[in-house]
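Novice: Residue numbers (the numbering used here), protein chains in the order written: chain B, 1 to 494; chain L, 1 to 360.
Simulated from the structure, these hints should not be mistaken for lab results.
One-sided excerpt, in silico: chain L residues whose CB lies under 10 Å from chain B: (1) A33; (2) S45; (3) P46; (4) Y51; (5) R56; (6) G146; (7) L241; (8) I244; (9) Y352.
Owing to the predicted nature of the structure, the values given are computational and were not obtained by experimental measurement. For each residue, glycine too, the CB sits at the ideal point set by N, CA and C.
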Amino acid sequence: MNTFGLDLTKLDDDEDLKFRTIRRVDQVTIPLKGGFGSTLNPSVEVGDEVEAGEIIARDDQSLSTPVHSSLDGEVVGFTEINYFHEETLEDFENTVPGVRIKANPDQEVTGEGVSWQKEKPANLRELLYLAGLTSFGQTGIPTEFRSSYFSPSEVEEIVINGVRLAPFTRHRVDYEEEFSAYKKGLRILARCFPNSQLHFALDEEAYKSIDSVSSSQKIKAHSVAEGSYMERPKMLARELVGVDELDEGGFLLDHGVLALDEFIPLAAYRAVAKGIPFVRNRFSLAGPGAEASLYEAPVGAPVGNLVKNEIRDGGSYLDIMGGPLSGKKLESLELPLGKEFDSLVRLEEPKDTDTLAWMQTGLTRNSYTNAFFSALVPGKKKEADTGLHGEERPCVYCGYCSEVCPVDILPFQIYQTHTHDMIDEVNRLQPQRCVDCGLCSYVCPSKLPLSETIKEAKKSQPGEVNNYVNYEETEEGLRPKDIGSDQGRGEEVE
Amino acid sequence: MNKLDELMSDVADYTENHPYLQHITEVVETIRAIVFHQGEAASESPFLRDYIEIKRYMFAVVLAVLPATIASIYFYGWRALAMIVVSYVAGGIAEVAFTLVRKEEITEGFLVTGILFPLILPPSIPLWMVAVGIIVGVILGKEVFGGTGYNIFNPALVGRVFLTITFPVTMSSRWVPPLTGGWAGFTQFNVDTITTATPLGVFANSGTLAPLRELFLGTIPGCLGESSALLVIIGGVFLMLTRIVDWRIPVAYLGSVFLFSTLGMFLWPNQVAPPLFQLLAGGLLFGAMFMATDPVSSPTTKEGRWVYGVFLGVMTVSIRAFSGYPEGVQFSILLMNMFAPLMDEMVMTFRYGPVQKPYK
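Assemble the whole structure, with the sequences as input and the hints as a guide.
Specialist: Below, the structure written as structure tokens:
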């Protein structure tokens with residue numbers, strides 16, 4: 001990633017991925033919620049025999065997407081999984097009930113596809129729902145089955161995010177080998193929402209390896225170069241689609257944008273053209289603490305087992321789900337592979353002692369400033385560990401955070417006004433424009449928690465109410481928590 | 001952890017629990033952090049962080065003034081180093097005392113103030129005056145506002161202006177010609193006490209201009225750090241290339257001085273000196289590169305910094321030309337420090353609109 005003068009390209013060594021397919025595991029734990037939607041009640045009991053691809057939990061009346069078994073086997077129990085949700089639902093409990101299934105030897109999932117070119121869009125959407133794909137995207141993929149807050153007619157733009165420019169992020173699709181199937185998946189998605197425009201964005205390097213995407217006007221491919229920040233779905237939507245209203249906050253679908261990750265079209269192809277539901281997920285593994293790999297494994301398989309041969313153990317490492325700049329810390333790798341698990345980054349922890357670090361030449365120390373000798377050798381690989389590299393200090397108003405911000409806000413000012421409870425000042429600075437890229441916290445010399453503070457500040461924004469705090473599970477499923485018309489900010493002045 | 005670090009850790013643990021020795025813990029921990037730099041890991045995203053930190057930020061500024069500092073010893077003898085030591089010790093005690101009483105961590109801000117302050121003083125003022133100046137600068141210029149990160153004014157300049165106003169005769173009459181030739185100041189502690197006037201003073205009195213070459217290389221009298229324009233420029237360019245200092249402020253400041261003095265030279269030829277002389281004489285280069293660029297007291301937004309630089313230039317030329325003082329840099333910077341928050345507020349209002357208060 002090279003953006004606004006901040007060069008993160010040499011942290012990663014860009015080794016080629018090894019693709020590893022795991023067909024068989026002994027036991028899986030299927031979370032009863034994967035992505036957007038309510039937690040479901042299982043429709044199976046201990047002792048039931050299930051088949052790979054069989055729906056084991058479904059409720060068309062609640063905001064949810066069906067859950068499938070990923071293997072042939074027998075249900076042996078129920079458990080609680082300590083789990084992370086998508087950003088939108090962060091304030092929910094972190095445990096999710098799961099179904100433990102012990103596998104039988106034969107694992108192949110077969111199904112019957114349809115000729116999707118002739119299917120009606122509503123039928124295609126039903127197939128996506130029955131395949132368990134509709135829980136992806138910030139608020140789910142809209143169908144007639146209440147898989148999302150929104151309805152299918154509200155989808156105006158579909159954005160497929162294949163941009164992988166941040167360090168230690170990798171593609172989940174082999175564009176050279178799988179592109180003909182992938183193209184069909186794009187067309188299936190476009191056909192599901194016939195009045196929408198589909199945008200497929202790839203970083204420049206991957207874009208070079210694909211041939212033309214489609215002759216249809218409804219599908220456009222975009223090549224994204226370094227130099228501007230395009231990793232996050234909201235940023236991609238803002239730039240590709242030109243939706244300035246996104247700056248006002250709210251969900252992406254509030255503005256008609258359905259943003260999906262790059263693997264979904266391939267999964268949609270499998271679901272519709274092959275009749276195979278989403279029971280196998282793919283995630284990439286990268287970082288100094290592991291051999292770069294791309295895994296495809298059954299949903300619910302224990303992640304630690306899947307990666308045990310590729311992770312390095314001689315030292316202290318931190319595992320992150322998601323990217324290194326905007327991901328979540330994993331306390332352990334002993335968790336089942338969920339549907340939304342898309343990448344694992346294993347970074348080194350810093351050494352205990354680093355004598356006179358601030359006086360060292362720093363040939364391999366990356367920095368936005370050029371205050372290290374690494375500025376003289378830009379081509380050299382740089383160190384990447386999780387250290388703060390300094391202590392937290394008061395803000396010195398250097399301005400680096402606002403220089404690297406992709407959406408032109410003033411992180412230092414939001415930090416100062418928010419920590420001093422100046423709510424109206426915070427509101428004026430439009431924190432809802434933030435796309436959670438983490439670059440402000442990255443560059444700060446005073447090691448301030450800028451990105452975290454802006455996330456906090458966003459919660460008090462009227463447009464962002466829906467995005468963060470205020471949903472709760474009720475008998476009818478997810479409902480906005482009633483916080484009154486003043487949106488938690490006090491009484492309106494006449 | 002290496003042995004020395006372990007030893008200090010044990011000392012800190014002991015003094016923490018001892019009823020009278022708590023403050024020693026703080027000092028020991030600070031030294032440990034500075035020397036051994038315990039590497040804490042990021043506990044929340046992003047999990048990758050830049051290697052720049054405040055210690056290195058300050059260290060880079062000190063490196064940038066080092067050539068000018070060494071030159072000051074060359075020109076004025078080892079007494080210059082004595083002034084620097086007095087500044088660090090006296091100011092350091094004031095800063096540490098305040099920080100300990102407030103129960104905060106000792107921060108690195110003083111590293112830079114401590115060396116910049118003596119470099120803007122005349123070479124032969126008494127050492128006790130250096131101490132008084134830095135203590136006033138640290139206390140009234142920084143600590144009363146809340147410490148590092150909260151000061152409105154540049155602390156070194158507050159100290160200097162205090163000295164200028166309180167001891168006007170000493171501050172304006174202790175200029176001596178710099179030593180040159182051979183090892184010059186490295187062989188002496190003190191300079192001869194033949195006092196002389198600075199080039200700006202000479203111009204203010206008689207309209208004579210010093211030769212540009214002398215101004216550039218430093219063979220003219222002035223404050224400790226401002227003699228050699230060449231070395232100050234080298235230091236300033238280093239800071240701008242490493243992005244430690246925003247290039248907009250020096251460029252705007254110097255550009256504005258150049259333009260305004262060109263204009264002034266025609267309108268008021270007896271009062272406004274020509275542009276190149278203005279740029280090279282006095283503390284302008286030093287002030288533009290090292291004092292005006294202090295990030296806490298200058299505006300933070302890019303547009304604000306341009307406005308700040310332009311106004312600084314106009315003020316400096318005006319004070320030099322039309323007031324009783326031959327040098328205007330110190331006053332202009334302090335005056336513009338006052339306006340820095342307003343400039344940022346104007347930029348924010350322009351970008352985002354005014355602050356609205358719809359709710360109680």
